[in-house]
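Go by the hints and put chain B onto chain A.
In order, the protein sequence lines correspond to chains A and B. Per full-length UniProt numbering, the very first residue in the first sequence carries number 1; after that it's consecutive. Per full-length UniProt numbering, the very first residue in the second sequence carries number 1; after that it's consecutive.
Derived from the structure by calculation, the hints contain no laboratory data. Here the structure is a predicted model, which means the values were calculated and not measured. Each hint should be verified, as a subset may be incorrect.
Unchecked claim - Label pairs and their in silico Cβ distance ranges:
(1) B:Leu93 - A:Ala189: 52 to 58 Å
(2) A:Val88 - B:Asp7: 32 to 38 Å
(3) B:Thr55 - A:Val203: 47 to 53 Å
(4) A:Gly122 - B:Lys270: 32 to 38 Å
(5) A:Val88 - B:Ile258: 40 to 46 Å
(6) A:Thr135 - B:Gly264: 31 to 37 Å
(7) B:Gly264 - A:Ala189: 49 to 55 Å
(8) A:Asn186 - B:Leu28: 47 to 53 Å
(9) A:Ser114 - B:Pro83: 29 to 35 Å
For every residue, glycine included, the Cβ atom is placed at its ideal position computed from N, Cα and C.
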Amino acid sequence: MFDFLEGYDLIGAFWVTVQLTLFSALFSLVWGTILAGMRVSPVPLMRGFGTVYVNIVRNTPLTVIIVFCALGLADVYGVTFGAGTDDVKSQYFRLAVFGLSAYTAAFVCEALRSGINTVPKGQAEAARAIGLSFTQVLTLIVLPQAFRSVVGPLANVLIALTKNTTVAATIGVAEAAYLMKGMIENEAALVAIGAVFAFGFIVLTMPLGLFLGWLSNRVAVKR
Amino acid sequence: MSSVLFDTPGPRAKVWNIVYTVVFLALLVLGGWWAIAKLQDKGQFEAVMWKPFTTSEAWTTYLLPGLANTLKAAALSMVIALPLGAVFGIARLSDHRWVRSVAGTIVEFFRAIPVLLLMLFASQFYVKYTDISSEQRPLYAVVTGLVLYNASVLAEIVRAGILSLPRGQTEAAKAIGLRKGQMMTIVLLPQAVTAMLPAIVSQLVVIVKDTALGGVMLGFTELLNSRQTLSANYANVIPSFLVVAAIFVILNFLLTTIASWIEGRVRRGKRTTGAVVGVDEVEDLATGRAI
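So here's chain A without its partners, still in its complex pose (with noise of 0.2 Å):
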């Protein structure tokens, strides 16, 4: 029944994906916390900027940035994440990397700045109060509560991640969309392949959506 999947590399197309998914989640959170914090700092060029970030990148389609990060990055600017130049498929797959967490990381900075508005104001004048600065306020207080409020938020921001892994597919990495449009192409079993890949995504998302909720609602502050 499944021979249409002979000769192809389903389970290595997909952990692709999953390691897109990861490496790129690991970054954005990084690199989205970073900005939430310039978003809420006292110093308005850093705070310009991280408006000034979030607004371009939210509105600029990934395609956009993906491929950009191939024609212009790699082929222009000759970056190529410490992969080897012969090595064309590490450093698409690091491109395709920096590109999710550089537009994923604008949803993180949002979700986590909402988070932050959260938490109740007596929080930060009290810690004011005992006279911590900015850095200790936002990284002692505040955004530890803030994170535990936002991990739903913040699981929605990982499963749209994880379909948007998909466009890595226009620069050639080798990832499930990219396997499922050769097998279409080559296959007579258009439905039953279109079946399998669609299987996959939702053993992927739905599972993590699942243990993300009820992980919400248990670290949730009660307040």
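This is chain B only, laid out in the frame that chain A set:
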């Protein structure tokens, strides 16, 4: 300037802020300088690379037709997806369990799948089972993919819109003896449309952004695809990317601004209940999270 997170800076904090500003500015300048120096190195910064954008030819042959196709695909997708989304959104609120569960399953299914997969599938489906001409096929495939995905997101928006209305609306409609269908069409839907208008407009941003996928993967001649032909002609990779990205950003920024403006109006409106599905909620509705 002070906020909840920091006090109005005193003399020492002011000095530190200046130090941070200078360091950050230096970093930005360094980054900008590297970007421009490298461009000059590759000859991408020269006036001749930017010149095409001041002539009408680059716009009338490449960019404007591309933008027109982007807008066409986005508008078509929205127009087809809206009624579909309304049907499924209302079906998810049905009193009959089987209607609810069928509609729910379909909506959750299409929300969990990347839109690119839907586009690829639609494209190949049209190749195999229809005789749509190969010039028309990319548009059909892009619109089909976008409709399937966005109808399911809009279904959630419609559902959230109806649920956002105060309970009293349903109760009053029942009290004056309206049937279920009347209650929906006369009382709930008209108010829900107002409530979800901002969400619908900001979903347009997502649709516009996703059309670019069809340009690269299916050869649909939208803006990003036109950029490729343009830069093949003028050899201006970076300038063309910047111009195309700027067009996308301006277009989407306009849409976002309109959405926020509508949201503000609806929220403060005296003639409405103030119920609204906000711009921020759309992102949470757009992913396939099973709640």
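Between Val88 (chain A) and Ile258 (chain B), does the beta-carbon spacing fit 40 to 46 Å?
Check passed, 43 Å falls within 40 to 46 Å.
Mind checking the hinted window 31 to 37 Å against the Cβ distance between Thr135 (chain A) and Gly264 (chain B)?
Cβ of Thr135 (chain A) to Cβ of Gly264 (chain B): about 34 Å, so the range 31 to 37 Å holds.
Note whether the CB distance of Gly264 (chain B) and Ala189 (chain A) lies within 49 to 55 Å or breaks it.
holds, 51 Å
With respect to the beta-carbon atoms only, verify the hint that Asn186 (chain A) and Leu28 (chain B) lie 47 to 53 Å apart.
holds, 49 Å
Okay, Gly122 (chain A) versus Lys270 (chain B) on CB: inside 32 to 38 Å?
At roughly 33 Å between Cβ atoms, Lys270 (chain B) and Gly122 (chain A) fall inside 32 to 38 Å, so the hint holds.
When you take the CB atoms of Thr55 (chain B) and Val203 (chain A), is the distance between them in 47 to 53 Å?
The hinted range 47 to 53 Å holds for Thr55 (chain B) and Val203 (chain A), with Cβ atoms some 52 Å apart.
CB of Val88 (chain A) to CB of Asp7 (chain B), is that within 32 to 38 Å?
violated, 53 Å
How does the Cβ-Cβ distance of Leu93 (chain B) and Ala189 (chain A) compare with 52 to 58 Å: does it lie in that range?
violated, 37 Å
Per the hint of 29 to 35 Å, is the separation of the Cβ atoms of Ser114 (chain A) and Pro83 (chain B) within bounds?
Holds, at about 32 Å.
In summary, the structure is inconsistent with hints 1, 2 from the numbered list given earlier, while agreeing with the others.
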